[in-house]
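**Student:** Residue-level listing of the chains:
There are 2 protein chains.
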Amino acid sequence: MTSSNDAGAPSARTLVKRYRHLAHYDRETIDAILDAMPVAHIAYLHEGQPIVTPTLQWREGDRVYWHGAAKGRMMRATEGADVCLTVSILDGLVLARSAFNFNVNHRSAMLFGKAEAVTDPKEKIRLLTRLVNGFAPDQWDKLRPATESEITATAILSLKIEEASAKVRSGPPEDNESDYAHPVWAGVLPIRLTVGAPEPDPRNSPGVAAPDLSGYSIG
Amino acid sequence: MTSSNDAGAPSARTLVKRYRHLAHYDRETIDAILDAMPVAHIAYLHEGQPIVTPTLQWREGDRVYWHGAAKGRMMRATEGADVCLTVSILDGLVLARSAFNFNVNHRSAMLFGKAEAVTDPKEKIRLLTRLVNGFAPDQWDKLRPATESEITATAILSLKIEEASAKVRSGPPEDNESDYAHPVWAGVLPIRLTVGAPEPDPRNSPGVAAPDLSGYSIG
Ligand SMILES: Cc1cc2nc3c(=O)[nH]c(=O)nc-3n(C[C@H](O)[C@H](O)[C@H](O)COP(=O)(O)OP(=O)(O)OC[C@H]3O[C@@H](n4cnc5c(N)ncnc54)[C@H](O)[C@@H]3O)c2cc1C
Ligand SMILES: Cc1cc2nc3c(=O)[nH]c(=O)nc-3n(C[C@H](O)[C@H](O)[C@H](O)COP(=O)(O)OP(=O)(O)OC[C@H]3O[C@@H](n4cnc5c(N)ncnc54)[C@H](O)[C@@H]3O)c2cc1C
Ligand code: HEM
Ligand code: HEM
Numbered sequence: 001m002t003s004s005n006d007a008g009a010p011s012a013r014t015l016v017k018r019y020r021h022l023a024h025y026d027r028e029t030i031d032a033i034l035d036a037m038p039v040a041h042i043a044y045l046h047e048g049q050p051i052v053t054p055t056l057q058w059r060e061g062d063r064v065y066w067h068g069a070a071k072g073r074m075m076r077a078t079e080g081a082d083v084c085l086t087v088s089i090l091d092g093l094v095l096a097r098s099a100f101n102f103n104v105n106h107r108s109a110m111l112f113g114k115a116e117a118v119t120d121p122k123e124k125i126r127l128l129t130r131l132v133n134g135f136a137p138d139q140w141d142k143l144r145p146a147t148e149s150e151i152t153a154t155a156i157l158s159l160k161i162e163e164a165s166a167k168v169r170s171g172p173p174e175d176n177e178s179d180y181a182h183p184v185w186a187g188v189l190p191i192r193l194t195v196g197a198p199e200p201d202p203r204n205s206p207g208v209a210a211p212d213l214s215g216y217s218i219g
Numbered sequence: 220m221t222s223s224n225d226a227g228a229p230s231a232r233t234l235v236k237r238y239r240h241l242a243h244y245d246r247e248t249i250d251a252i253l254d255a256m257p258v259a260h261i262a263y264l265h266e267g268q269p270i271v272t273p274t275l276q277w278r279e280g281d282r283v284y285w286h287g288a289a290k291g292r293m294m295r296a297t298e299g300a301d302v303c304l305t306v307s308i309l310d311g312l313v314l315a316r317s318a319f320n321f322n323v324n325h326r327s328a329m330l331f332g333k334a335e336a337v338t339d340p341k342e343k344i345r346l347l348t349r350l351v352n353g354f355a356p357d358q359w360d361k362l363r364p365a366t367e368s369e370i371t372a373t374a375i376l377s378l379k380i381e382e383a384s385a386k387v388r389s390g391p392p393e394d395n396e397s398d399y400a401h402p403v404w405a406g407v408l409p410i411r412l413t414v415g416a417p418e419p420d421p422r423n424s425p426g427v428a429a430p431d432l433s434g435y436s437i438g
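Just so you know, the sequences run in chain order A and B.
Per this note's numbering, numbering through the first sequence is continuous, rising by one, with the last residue being 219.
Per this note's numbering, numbering through the second sequence is continuous, rising by one, with the last residue being 438.
Only chain A is shown next, with the shape it has when bound in the complex (with noise of 0.2 Å):
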């Protein structure tokens, strides 16, 4: 996390505006925030109204890549339109002095451009195999394999991270000065995302390995 303030943003509406000290626009930041999250919410307009669906991302480079039904509303409406991608974690609840300067500690990231198909059919097996194997690595060869159906039926966009943004906020809250004598308690309520043990299907075939899911981390 090296930039910090206003130095750096992209583009006017790019420009962080508000709590502008938590504003950064370093690709390391930036990255980190979409690597750590795979949960992103995506704004489209669909018959003029603005629609936000939660979708995966996953990022590779420059670009961060969605998937769903080459026929279902949102792809159809995000493919080659405008839209705004926001990926935001939550880290905690800021109990402060005074209610006005309550916070989150939060890491969130937010990504403005048009999304691109992604259409060649080797190129999405190449993604949809990093998609599966970010979960599990190793995990697509031992799947049944995809059928050329399956991809047909699946469509990828992407977005090129270029005119993004990201706020940060960590640590104890930031009361006025003259609040400090007020004596209450102030701090920081942690909250973070775990993953619990895997949860064979009970329809597992007898004696299957499970795979090595440990070194999956989210948030």
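Everything labelled a hint here was simulated from the structure, so no lab data went into it.
It cannot be assumed that every hint is accurate.
The calculated DSS-like cross-link candidates involving lysine-lysine, where the alpha carbons are at most 27 Å apart (straight line), are [what the hints assert, rightly or not]:
#: 1; chain 1: B; residue 1: Lys343; chain 2: A; residue 2: Lys17
#: 2; chain 1: A; residue 1: Lys71; chain 2: A; residue 2: Lys124
#: 3; chain 1: A; residue 1: Lys160; chain 2: A; residue 2: Lys17
#: 4; chain 1: B; residue 1: Lys333; chain 2: A; residue 2: Lys17
#: 5; chain 1: A; residue 1: Lys114; chain 2: B; residue 2: Lys236
#: 6; chain 1: A; residue 1: Lys17; chain 2: B; residue 2: Lys290
#: 7; chain 1: B; residue 1: Lys333; chain 2: B; residue 2: Lys290
#: 8; chain 1: A; residue 1: Lys124; chain 2: B; residue 2: Lys236
#: 9; chain 1: A; residue 1: Lys71; chain 2: B; residue 2: Lys236
#: 10; chain 1: A; residue 1: Lys114; chain 2: A; residue 2: Lys160
Since the model is a prediction, treat every value here as computed from it, not as a measurement.
Starting from the known structure of chain A, arrange chain B with the ligands on it as the hints suggest.
**Tutor:** Only chain B with the ligands this time, still in chain A's reference frame:
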């Protein structure tokens, strides 16, 4: 979770079409999702561009509320405007026998409507008290009292819960019947939000009593 499938969609645009067997339109299911997860993602238009902003929401009866800077872009762009408010909870990663049937366990709610401003200062204070006490019971009265200018600087918007849908997935993968014999481990990697021990602000006055936050859960 009573209703499922197509019955009960309050409008054409809230009719779930993809994975429609996961759809719910009853208030019990929708309210439970809103109450479990304070983080919402709100989509709105700003200068023709769809934007999605992560924001805290809280529910009272038939309405969800959110707050922010009266002068801020998000609050000004959403006031009186058509918005889409989505709350989503990731409950796990579902590993299937085919890549195509990988999924996530989740609960999500999507609300459409026009955002309305709460203008009466007394009502604003009442709602902000609920926001604060919803995280930390009885905390409001212990805080340095809110000032008139703080209340003026704070905008509160709300959305009536009337055009809404939910999707809920839980349990093991649903593979194609012919894939169950494929010899690969399938199951669920559970994911959940956990609350840690409160971290006191190093600048706390000596002897201030920690609030009882043990009742707080999220997700
Ligand atoms: C978990 C969570 C909960 C939040 N709860 C609240 C809340 O209850 N009330 C509230 O007012 N705000 C909340 N925020 C902050 C909120 O996301 C916005 O940053 C804030 O509301 C200001 O929005 P704006 O459009 O008015 O800001 P502006 O500063 O005018 O936005 C200008 C530009 O700054 C960048 N930007 C703005 N917000 C973010 C962001 N979150 N992440 C990355 N870039 C951003 C974007 O490029 C945007 O186009 C929360 C954020 C998180 C992550
Ligand atoms: C954590 C998480 C991760 C997800 N990951 C993916 C992914 O990687 N790829 C993917 O395609 N989908 C994903 N989904 C599902 C996604 O949110 C959409 O439901 C799906 O993409 C279909 O969108 P659509 O607009 O084409 O659906 P349609 O069924 O055409 O939408 C019509 C209406 O159904 C309702 N609806 C749609 N989605 C939801 C929802 N999530 N919650 C409540 N109501 C809804 C709304 O009222 C909407 O207006 C994910 C959902 C969650 C919660
Ligand atoms: C880690 C791997 C994957 C995960 C976690 C995942 C998750 C999801 C989720 C959550 C949905 C939305 C379901 C809903 O609407 O409720 C979805 C839809 C979809 N996925 Fe995946 N997916 C993965 C890999 C794949 C792969 C490899 C393919 C193709 C071979 C694929 C094809 C599709 C298609 C076509 C849809 C749309 C289904 C429809 O709306 O009818 N997915 N996926
Ligand atoms: C549980 C209680 C509360 C929490 C968790 C909370 C959280 C937040 C968060 C996360 C933001 C966004 C900060 C950012 O842009 O990065 C915010 C903004 C704001 N909050 Fe709260 N808040 C709470 C209560 C209140 C109360 C009671 C008031 C008024 C008395 C208030 C007034 C404001 C205002 C005015 C802003 C906009 C600040 C700005 O953009 O300049 N908040 N709040």
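**Student:** Each hint should be assessed against the structure and marked as holding or not.
**Tutor:** Going down the list of hints, with the structure as the test:
Distance hint between B:Lys343 and A:Lys17 is fulfilled; the C-alpha atoms sit about 24 Å from each other, no more than 27 Å. Proposed proximity of A:Lys71 and A:Lys124 is supported: the alpha carbons are some 16 Å apart, at most 27 Å. Of the pairs offered as hints, the one joining A:Lys160 and A:Lys17 holds, with about 23 Å between alpha carbons and a cut-off of 27 Å not exceeded. About 25 Å separates the Cα atoms of B:Lys333 and A:Lys17, which keeps this hinted pair within 27 Å; it holds.
Proposed proximity of A:Lys114 and B:Lys236 is supported: the alpha carbons are some 25 Å apart, at most 27 Å. Of the pairs offered as hints, the one joining A:Lys17 and B:Lys290 holds, with about 11 Å between alpha carbons and a cut-off of 27 Å not exceeded. This hinted pair checks out: B:Lys333 and B:Lys290 have alpha carbons roughly 19 Å apart, not beyond 27 Å. Of the pairs offered as hints, the one joining A:Lys124 and B:Lys236 holds, with about 24 Å between alpha carbons and a cut-off of 27 Å not exceeded.
With a CA separation close to 11 Å, the supplied pair A:Lys71 and B:Lys236 stays within the 27 Å bound. Using a Cα cut-off of 27 Å, the hinted pair A:Lys114 and A:Lys160 holds, with the two alpha carbons roughly 8 Å apart.
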